[in-house]
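Based on the sequences and whatever the hints tell you, model everything.
Note that the protein sequences, when read in sequence, are chains A and B.
Under my numbering, the first residue of the first sequence is numbered 1, with each subsequent residue one higher.
Under my numbering, the first residue of the second sequence is numbered 1001, with each subsequent residue one higher.
The hints are simulated quantities; they were obtained by calculation from the structure and are not laboratory data.
No residue lacks a Cβ here, since even glycine has one placed at the ideal position from N, Cα and C.
Each hint should be verified, as a subset may be incorrect.
[What the hints assert, rightly or not] Computed beta-carbon distance windows for the label pairs:
| # | chain 1 | residue 1 | chain 2 | residue 2 | range |
| --- | --- | --- | --- | --- | --- |
| 1 | B | Ile1461 | A | Arg87 | 43 to 51 Å |
| 2 | A | Gln54 | B | Lys1063 | 27 to 35 Å |
| 3 | A | Ala71 | B | Asp1100 | 29 to 37 Å |
| 4 | B | Ala1049 | A | Leu10 | 47 to 55 Å |
| 5 | A | Gln54 | B | Asp1199 | 17 to 25 Å |
| 6 | B | Pro1205 | A | Arg87 | 42 to 50 Å |
| 7 | B | Glu1101 | A | Leu13 | 47 to 55 Å |
| 8 | B | Gly1406 | A | Leu23 | 38 to 46 Å |
| 9 | B | Leu1025 | A | Thr67 | 15 to 23 Å |
| 10 | A | Asn86 | B | Ala1200 | 51 to 59 Å |
| 11 | B | Arg1476 | A | Asn86 | 48 to 56 Å |
| 12 | B | Asn1105 | A | Leu10 | 43 to 51 Å |
| 13 | B | Thr1198 | A | Leu77 | 39 to 47 Å |
| 14 | A | Ala71 | B | Ala1027 | 19 to 27 Å |
Residues per chain, in single letters:
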Amino acid sequence: MVPLTWYIALSALLFMVGVGGVLLRRNIIIVLMSVELILNSVNINFVAFSYYLQDLTGQIFAIFTITVAAAEIAVALGILIALVRNRNIINVDEIDTMRG
Amino acid sequence: MIFSLKDIVAILPEITIVAGACVLLLAALLIPKGERKDVIAYFAIGFVALAAIDTLIISGMEKTTVLGGMFVLDGYACFFKFVFYIGTILSILLSLNYVDEEKINVEEYYILMLFSLSGMMVIASGANLLTIYLGLELMSLPVYVLVGFLQRDIRSNEASMKYIVLGAFSSGILLFGISLIYGLTGTTQLVGIAEALTDATVHVPVFALAVIMLVAGFGFKIAGVPFHMWAPDAYEGAPTPITGFMSVAVKAAAFAALLRVFIEGLSTVQADWQLVVALVSVASLVVGNVVAIAQSNIKRMLAYSSVGHAGYALLGLVAGTAEGVSGVMFYMLTYTFMNLGAFGVVITMRKGSQMGENIEDYAGLAKTNRALALAMLIFLFSLAGIPPTAGFVAKFYIFMALIHQGMIPLAVIAVLMSAVAAYYYARIVMIMYMREPAGEFELARSRGLVYALVLAVIAVILMGVYPTYFIELAQRATFIM
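This is how it looks when you write it as structure tokens:
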């Protein structure tokens, strides 16, 4: 059996990669993919804990997280389309109309 | 599991709002295009009022936990739900004229507000981290869309893009924290977590990390420093009534979750989070109030002021007592009226080619429009915390809670920062009263605006002069003794 710590190490690693992607990458699509990575690392945590604790709550939580992530990304892509139509930009550092 | 009648009764207000929003979504097709928007707006207000009546009726029941421990009905939830109802109704009233001005010809605007409201209500009643998380998302997703509702305005697009990317990022961090807490305590039920935490073996370093992640996740929603970077941009770009809605109802909902999770679930480990929350609070006070001075756009200034107000309210959580919690509740109630009032005046200034967003635009407003300038003066004085307005009582009450806990240094910092805040609020008053007007003012006129502003003025004065009733209401509603 794979020990619990391995799962946690994997999810922590994925989480780090996700956070790094959000903070460092410029392309909005990649930023959104990085957010998805963070949410998936959470799912791994939940499912691993759920198995380890022999408790269903974690799996239910993971299913809800997947659903919410799908909704969130749909809204984000919709907003991105509005942005691209108006300004034709795709990089986060070009979103700079407002300052102060 | 079979739903009992008790379950249905307890979630009747939520059912009313969600069902109402769905019905309106379909019924909109039956109303002729020309008057569709306004009719939907009135019906939306009607459904909120109906939910308020439901809540009023069931608020008399004693505390019950329904739906398998997911959902709790108590005075605390009911109090916050009333704050959300007031915030939503005022925002809809303020929108009636604004949507015409900005040519938003889509009735979904109001329906999205209802969906967001339903999310807030779920948060206020959440007894499980799962319910609270789902409520948080249900509240945020419609607001992301609403922020970007001015499709042709580049600022609005950018605001909503920033808001959703950072919002999704922060909810990811929050979720990671929740998953760690689940792993350590074996439950997501707040009561169960509190029970598990009495066992000292849970106190591993990872637990502190989980708590910091929770603070970061909720800190984003209340726009506390250092998680506030999105707030000025999102507030500036969003349609003004939505800015008001975000700064009032969304913030109050996040506070409802924050208090419930930290006081009910994590109170046994108060030492772990008190310092972190105090740091966020002081940082919000300093950054919010100091940076607000430099702003020339009034929406941006109010955004930074709202960061500062999150700092004041957080102090109630730092105190962690029943007095602190009821202080935060009262603060959110007063903030709803005074902040939406101030945004109401900003919306009144938006007419035709006049954007009314620069602070200089307000020069000499008092010369020609005495009533409007007086209303703005009352709201700004209340935000600054000058008696006899509601803002003073709310701040006073939070500071008292701090002092009773012996946290004098925090109270001193908070009072000093109120002095800083008084400067930039008073500057607008000075500009309105002392300068000569640059030209004629064009003002938006609508009954909705007048009703909302009059209601807000009355509430701000009433809660300032006679706060006892409202404070007792908040005290009776806290969930700790």
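Quick rundown of the hints versus the structure:
Checked against the hint of 43 to 51 Å, the C-beta distance between B/Ile1461 and A/Arg87 comes to roughly 45 Å, which is consistent with it. Against the hinted window of 27 to 35 Å, the Cβ-Cβ separation of A/Gln54 and B/Lys1063 comes to about 31 Å, which satisfies the hint. Range check, A/Ala71 to B/Asp1100: about 30 Å between beta-carbon atoms, so the 29 to 37 Å window is met. The given range of 47 to 55 Å is respected by B/Ala1049 and A/Leu10, whose C-beta atoms sit roughly 51 Å from each other.
Checked against the given bound of 17 to 25 Å, the beta carbons of A/Gln54 and B/Asp1199, roughly 19 Å apart, stay inside it. Here the CB-CB span from B/Pro1205 to A/Arg87 is close to 45 Å, well matched to the stated 42 to 50 Å. In this structure the supplied range 47 to 55 Å holds for B/Glu1101 paired with A/Leu13, their Cβ-Cβ distance being about 51 Å. Take B/Gly1406 and A/Leu23: their Cβ atoms lie about 39 Å apart, and the range 38 to 46 Å holds.
Against the hinted window of 15 to 23 Å, the Cβ-Cβ separation of B/Leu1025 and A/Thr67 comes to about 20 Å, which satisfies the hint. Between A/Asn86 and B/Ala1200 the CB atoms are about 56 Å apart, so this pair conforms to the stated range of 51 to 59 Å. Between B/Arg1476 and A/Asn86 the CB atoms are about 50 Å apart, so this pair conforms to the stated range of 48 to 56 Å. Under the hint 43 to 51 Å, the C-beta atoms of B/Asn1105 and A/Leu10, about 49 Å apart, fit the expected range.
Checked against the hint of 39 to 47 Å, the pair B/Thr1198 and A/Leu77 passes, with Cβ atoms roughly 45 Å apart. The beta-carbon spacing between A/Ala71 and B/Ala1027, approximately 24 Å, falls within the hinted interval of 19 to 27 Å.
Consistency note: the structure conflicts with none of the earlier hints.
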